[in-house]
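Enquirer: Okay, here's what each chain looks like letter by letter:
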Amino acid sequence: EPEVTQTPSHQVTQMGQEVILRCVPISNHLYFYWYRQILGQKVEFLVSFYNNEISEKSEIFDDQFSVERPDGSNFTLKIRSTKLEDSAMYFCASSGPQGYQETQYFGPGTRLLVL
Amino acid sequence: GENVEQHPSTLSVQEGDSAVIKCTYSDSASNYFPWYKQELGKRPQLIIDIRSNVGEKKDQRIAVTLNKTAKHFSLHITETQPEDSAVYFCAARVFSGNTGKLIFGQGTTLQVKP
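Quick mapping for you: the protein sequence lines, in order, are chains A and B. Position one of the first sequence corresponds to residue 1 (this note's numbering), numbered consecutively onward. Position one of the second sequence corresponds to residue 1001 (this note's numbering), numbered consecutively onward.
Because the hints were derived from the structure by calculation, they are not lab data. Careful, some of the hints might be misleading.
Within a straight-line C-alpha distance of at most 25 Å, the following computed DSS-like cross-link-like pairs (lysine-lysine) qualify [stated by the list, open to error]:
(1) K57/A <-> K78/A
(2) K42/A <-> K1071/B
(3) K1042/B <-> K78/A
(4) K42/A <-> K1022/B
(5) K42/A <-> K1068/B
(6) K1022/B <-> K1057/B
Given only the sequences and the hints, what does the whole structure look like? Please build it.
Expert: Shown next, in the form of structure tokens:
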């Protein structure tokens, strides 16, 4: 069964550094998402992406965040200048194809620790 | 605003008993309600979902009910087993633009005692 994959599984960075989290969605999916989960808390929506553009973003997704689909398989989340409070598990999800976009399948996550 | 409330936050049952987790959503336009199971350090795994045109759905030991009028939906697990122990999240899909984001509840930690 196809799965969403993410790399790296863990990332430790210094405050102020840039990080790029990578995701490979399920191959025939058209809708892509990033969520985050601070330790012990609920999963929070960050951004959705469709047709090579952001569809919606949350208040968390400020100017320090960006997403990109650089090629036909990868979907990335960039944090330009990390803050301590960015420490969390980041999940990529995908859904689709057209007309079957409801069910979102989650990747294994990247645990980001900002020191 | 968009919100999903989930109760209880923790639930402990004996093996073989039933477990019920309840959620309430705020956005009346929500039309899709998935439930995810998350084991420690792992990804949320979809276990069952229900759409707004259906009142109940069952899959073996798991069932979900939806009351659109009251904006309530519930997860029912029967004949619980130790491997059911995990954190369970409900979610409501809020359709926006071309996509639909999931708004999650706070999670329920289910412990099934052997």
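Enquirer: Would you mind confirming whether the straight-line C-alpha gap from K1042/B to K78/A stays at or under 25 Å?
Expert: Since the Cα atoms of K1042/B and K78/A sit roughly 22 Å apart, the hinted pair holds (cutoff 25 Å).
Enquirer: Holds or violated: are the alpha carbons of K42/A and K1022/B at most 25 Å from each other?
Expert: holds, 15 Å
Enquirer: When you check the alpha-carbon spacing of K57/A and K78/A, does it fall within 25 Å?
Expert: holds, 14 Å
Enquirer: Just to be careful, I want the Cα atoms of K1022/B and K1057/B compared with a cutoff of 25 Å; is the pair within it?
Expert: Holds: K1022/B and K1057/B sit about 15 Å apart, inside 25 Å.
Enquirer: Hinted pair, alpha-carbon criterion (25 Å max): K42/A, K1068/B. Please report holds or violated.
Expert: holds, 23 Å
Enquirer: Does K1071/B lie within 25 Å of K42/A when you go C-alpha to C-alpha?
Expert: OK: K42/A and K1071/B at ~20 Å, within 25 Å.
Consistency note: the structure conflicts with none of the earlier hints.
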